[in-house]
Each structure stands twice: as structure tokens, then as C-alpha cells.
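Student: What follows is the residue order along each chain.
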Amino acid sequence: MKTDDLIRALAADHAPRRTSPTRTLAVATVLGLVVAAALFAAILGVRPDFTTVMGEPRFVFKFLVTLVLAATAFMLGRRLLGPLDADTSWWLTLAAAPLLLALAVAIELSVLPSGSWRAQLIGSNALLCLASVPLLALPILIAVLAALRQGAPVRPGLTGAVAGLLAGALGAALYAAHCIDDSPLFVAAWYSAAIALVTLVGALAGYRVLRW
Amino acid sequence: MSTREREWGDLMRAANAGDATAYRRLLKSLEPALRSVARRGLGRAGFSRDEAEDVVQEILLAVHLKRDTWNAGEPILPWIHAIARYKLVDTLRRRGRRIYISIEDVAENLLAEDPPPTLATDTLTRLVQALPARQRDVVRAVALDGGSIREAAERLDMSEGAVRVALHRGLAALAARCGEPNA
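Chains as they are written, first to last, in our numbering: chain U, 1 to 212; chain Z, 1 to 183.
Watch out, some of these pointers could steer you wrong.
[Stated by the list, open to error] Facing chain U, a subset of chain Z residues (Cβ under 8 angstroms, in silico):
1) R13
2) N16
3) A33
4) L60
5) E104
6) A107
7) D122
8) Q135
9) V142
10) A143
11) G146
Derived from the structure by calculation, the hints contain no laboratory data.
Glycine included, C-beta positions come from ideal geometry on N, C-alpha and C.
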């Protein structure tokens, strides 16, 4: 086939109104989140004292840090959707949530007697956290990867990792409503581990499915 | 702003606003520049430049299918460079050569314009033959026989909508198969 013939076919396939990939990514994230929320309601549900702890700083912080992480991962994912490389300043935005967490840990260590650090770190439900966050993240990860396939990411593995970070952060935000461990020490250890796991899965999946 | 930046940016904006002629002109204008990128890239990796036409067609398919990732508020040249570089590196990798090609190399080679070869490798024709029957017939009717969507619909006794869907799916399938190891 001559290149001229191909161009004729491409021109015939041109449609003026198409959905922007950014919009697709946003819609996919929301759809994934809805499925994850339904899953959350079906198997976990909010903790019994949800309404009484709603104003507790430690409890609120769990949502703050996971949602900040999700927002920065989404912005970076939006950039990686196109073929242009994301330079260092884009990646640096991801440091916002870890910095917040480090600050919270520092405050927690300064207000808690050192004798109770260990108990707060280990918490009461670490395994449930490690299992639930990836489970809740899974539908979000699948939806986000599907949306990214519409794009033109030039670094499939890294883009997949960012998708995992986004899905993991949102999964963690949901799980936070069920989790009775509120100490930033617990969040730093177990939420981070669970999100890292989803990020790894995202990287491996992205490496395979995000080539074009 | 370079002449090309303005020309290609304007054509793509017009195309996105529904101007099909502008879109065709954009692709026609990209063709010789992408050929220069493909020929020099293949040459540098030690491959025959005769394979360049396959690479040009692959990049054009990618430009077409991924054009929505260009943000109309941004310059178009960096976007074209990035698409061309990705497909060039990808095609060399599939041919067993991992070499580093910078955006600057691509940008520089894109400045030249190479005419179409008299004899070219033709992977696409083989890939078209392997498409599902409907997609194959539609792609042939539009690309090789030069028919419009309406003419193809009449000839193949399909609705225009069905022709559009089959054409789009066929082109997407071609792009995907270009990227497979033994394409």
C-alpha cells in the first residue's frame, strides 16, 4: 500500500468531535471509584463510631494524605497520557503527600510517649489493611489503565506505576473510613506498604498493556 | 515560532474543527518529513533505508490514532517529535536494535524532506489482507480504490455508519499489528 493510499484512508477516518483522553481518564477514575465504593460498602463498611471520630485530626488526616496523593498522581497521569515526557518538576509534585505524612509522623512522635510508639505502629488490623487497600484499588487500576491505553504514554512501566499510585491512594482513602487505626505511624507503615504494592502491580501491568 | 509550527498547528486546529481537507493536507505535509526521520533513523541503526516506508506508515497511523493527546493550546512540533521518536525507537527495538535516539535527532531530521521511494517495503498490504473480511474490504475500498465513505458503503452494501466503524477498527487493528513482534 502506498503511503498516499494510507493517508486517504486516515483522512476518511477523521471525525471532528472526539472525546479528549483527559476526560476519559477522569471518567474512568470516577467509574473505578464507584465500583470500589460499592465493594467497600458490601464487604467492609464504615467503622461503627464513624460519626463521632469525624472531627478527630488523626482520622481526618488519613483522608487528607491519601486524597492529596491521589490528586497529585492524577495530575501526573494526565501529563503521562500524552507522548511528551514529564520533567522533574512534574515528578516532584508527588512528594507532597509523603512530606505531609513525614510531618504528621514527626508531630505524632513528639506528642506520644515513646513507650506507645510500637503499639501505634503495629496497630490492630495491619493485615486487613494490606489486603483491603489493593482489593479496593483493583477496579480503579483496571479502569485507569484502560483509559491510559487511549493515550500515548511513552514510558509504559512508569505510567502504569502512576496509575497504581492513583488507584492505591483512592483505595486507601476508602479503606480509611473502615480502619480503626488512626495514628500517622500506622498510616506511614501499612498504608504506604499497601499503596506500594498496588504501584508495583500497576508498573508490571502498564509495562505490558500500555505499549502502542 | 517556526513556519512549520504555525502551518502544522493551524492545519490540526482546522482539522479538529471539522475541516477534512486541512487534515489531509497536514498528513501530506508530514509525510516527507517523517520519511526523512525514518530513513536516517534506520540508517543510523544499521538497517536498510528501504524499510523506511513501513516506519513512515506506522508513524502516520500513530499520529492519526493518538491525535487527541495533542493539546490545541500547546505547540504541535514537540508532540510530533515525541510520537515519531517513540515509534522509531519501538520499530528499531522490534528489529532487535536498542539504540538511543534523542528528541533533538528527530527534530533535526524532521527538517529535511524525502520524496517517496519508487520501490518500498510494504508490510501494510500484508497486514490489510489479514484483517477480518469487513474491515479488509472497507480499508481496501477507501485506501486503494480511492472511494469516499459513501461510495464504499454503496459498493459493499453497508450503511455509511457501518463503513465508518469498520474503517476505524481496521486502522486501529493495523496500528496494533504493526507493533507486534513479527509484523
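Student: Okay, which hints does this one fail, numbers in order?
Tutor: 1, 3, 5, 6, 8
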